[in-house]
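2 protein chains.
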Amino acid sequence: MSKNEWIPLQAHIVSCASVVGHREHEGPIGQCFDMFDPTDRFGQKTWERAESEMQRRALNLALKKGGLREDDLQAIFAGDLLNQCVGAAYGLMDFPAPYFGLYGACSTAAEGLILSGICATHRVYGLCAAVASSHYCSAERQYRTPVEYGGQRTPTAQWTVTGAGAYLVASGRGEVELVAAMPGKVVEKGITDTSNMGAAMAPAALDTLVRFFRATGREPQSFDLIATGDLGYEGISILGDLLYAEGFDVGDRLNDCGMMIYQRKTQDTHAGGSGCGCSASVMAGYLYPKLKSGEIREMLLIGTGAMMSPDSIKQGQAIPAVAHLVHFRHGIGEGEK
Amino acid sequence: MSKNEWIPLQAHIVSCASVVGHREHEGPIGQCFDMFDPTDRFGQKTWERAESEMQRRALNLALKKGGLREDDLQAIFAGDLLNQCVGAAYGLMDFPAPYFGLYGACSTAAEGLILSGICATHRVYGLCAAVASSHYCSAERQYRTPVEYGGQRTPTAQWTVTGAGAYLVASGRGEVELVAAMPGKVVEKGITDTSNMGAAMAPAALDTLVRFFRATGREPQSFDLIATGDLGYEGISILGDLLYAEGFDVGDRLNDCGMMIYQRKTQDTHAGGSGCGCSASVMAGYLYPKLKSGEIREMLLIGTGAMMSPDSIKQGQAIPAVAHLVHFRHGIGEGEK
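Protein sequences, first through last, are from chains G and B. Start counting the first sequence at 0; every next residue gets the next number (numbering that gives the first Met the number 0). Start counting the second sequence at 0; every next residue gets the next number (numbering that gives the first Met the number 0).
Just so you know, these hints were derived from the structure itself, not from any lab. Honestly, I wouldn't trust all of these hints.
[Stated by the list, open to error] Calculated lysine-lysine pairs in the DSSO-like style (CA-CA distance at most 27 Å, straight line):
no.: 1; chain 1: B; residue 1: K313; chain 2: G; residue 2: K313
no.: 2; chain 1: B; residue 1: K264; chain 2: B; residue 2: K289
no.: 3; chain 1: B; residue 1: K44; chain 2: G; residue 2: K188
no.: 4; chain 1: G; residue 1: K313; chain 2: B; residue 2: K44
no.: 5; chain 1: G; residue 1: K289; chain 2: G; residue 2: K264
no.: 6; chain 1: B; residue 1: K313; chain 2: G; residue 2: K44
Note that this is a predicted model, so its numbers are computed, not measured.
With the hints as extra help, turn the sequences into a complete structure.
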């Protein structure tokens, strides 16, 4: 294959599930998620354990919805934002399947879907899972300040979603198909403001989208939805401008999982949602059913991750970002299989 | 395929390279590494940046040794121990290839080799890179205390290797071949002592090895070397006992990258080396040439990772571990291609 080409996939989502916190449940698409906990604690003593528990429940629910048992699972691709990715490692350790730990920041769900899609397409594994999560309270105290501190937020700051999404991926056709992938390159354009990660990630999303459109010859107009996850209001506006400058008019097809999950005016979430759990839960809870029903025929999910650490920022380094693209299609119905 | 089966691979290592610090250079296999810096700083202002720089140099060197340019690279699978895996993200961002961030703790090199092997075998990518690193000084201040503090170490504690390894993987036959992989499951047996990670990781190595021997029908005797990376002296002794109890007599075939890299009696490194950079650099610098020459005909590399975080330990959780196995074989010589 030639360099930078997209990866053709022949795989489908068998089932998926989403678990969220109270704020996500109160948002405009709150009724779409499978499970929520009004305390955000999920029965656990710490926020980090609560995050692990969300991953465990999301994967269990996805198996249940697919009529599958944990023994049917052949590989797990998972990650989160916590140091050393402990959300996934602890949350999924009871599942008796090989575990591939990922770190792609907010692009983790897309990264896991791509690797699951590759392994399913080539029948390396019969059934793979992609799982990702984030938790507002564990992220705040790790990246910024503990929630109790009550730090002021800037308008460009995003709100880490308390949520997890799990996807089961198998080869061949199905109701929701993975058609192609365009993995992202690391892009760093000098942004150092961690309260404006949308600006840091938009150029990465641009790079991946432009490579995808040029490699495949597809026009933005041929997709019902181009969903980033998660640039927020700030980043999506930058991406729209950058795409236009490159000659791609995406119009109102462009949307962002971080904009879908919260009500901007009333929920005080500033530039929108972020975190591995944002695109993971929005895709599983809100977009997957639309793909399944055919309301969306074709869409692109572009998981965007900002891969700095608090230490790298303190040491004066800019924010490197990556954007992984997955091309989904409404597939064959139940009767056509 | 049936559950838990090993993954057959048809791929080979095109070239690989290793970059290490002064202590690794002074060790018993110090002359095998491609590059070292007596200051461990690699021209950088911080230890974290030094770690990134080791990854960059290792991948550059691997490309140079293979007679390849960075444009030939089609995908990178990389990770490290730092929070948010910034060692890899910053170190490799100048390479114009899609980037898959991994977190597998000390199993990262093996995880990257498996995913590279899968993508090469199925020709998803023509040329993949697997890269991993660790740095003693960045790891100490993140996991334990800054080096300046001079904390006392227990005899079971391992010494984080300052080193990086990079591997270029392509499909088909070659001088050193990837024959098979057996990815690991997360195993947690209640060990909470972060100064005894060998004990936490040995059961994970056992699980993967036993599954591999049983699935393939291969005997330990049919391998010249079974190298873990990195259980250290403590963990390897436990693994030997556990394997014996399961009916596998590995004898002196069992060795550990963390035992190979330091001189136990004179280098004050206690239970041996650890860190993503340990197996990454030992495999690239010391074992790969033996496989290439035929001194080793067949070997297993079992990357073992302890996936706790300092926070998860403070919160009273035990150490989850994972062990990824790669089966290497001396392949065809230059004249036979």
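So, going through the hints one by one against the coordinates:
1. K313(B) with K313(G): Answer holds: K313(B) to K313(G) is near 24 Å, not above 27 Å.
2. K264(B) with K289(B): Holds. K264(B) to K289(B) sits at ~25 Å (cutoff 27 Å).
3. K44(B) with K188(G): holds, 21 Å
4. K313(G) with K44(B): Holds, at roughly 13 Å.
5. K289(G) with K264(G): holds, 25 Å
6. K313(B) with K44(G): holds, 13 Å
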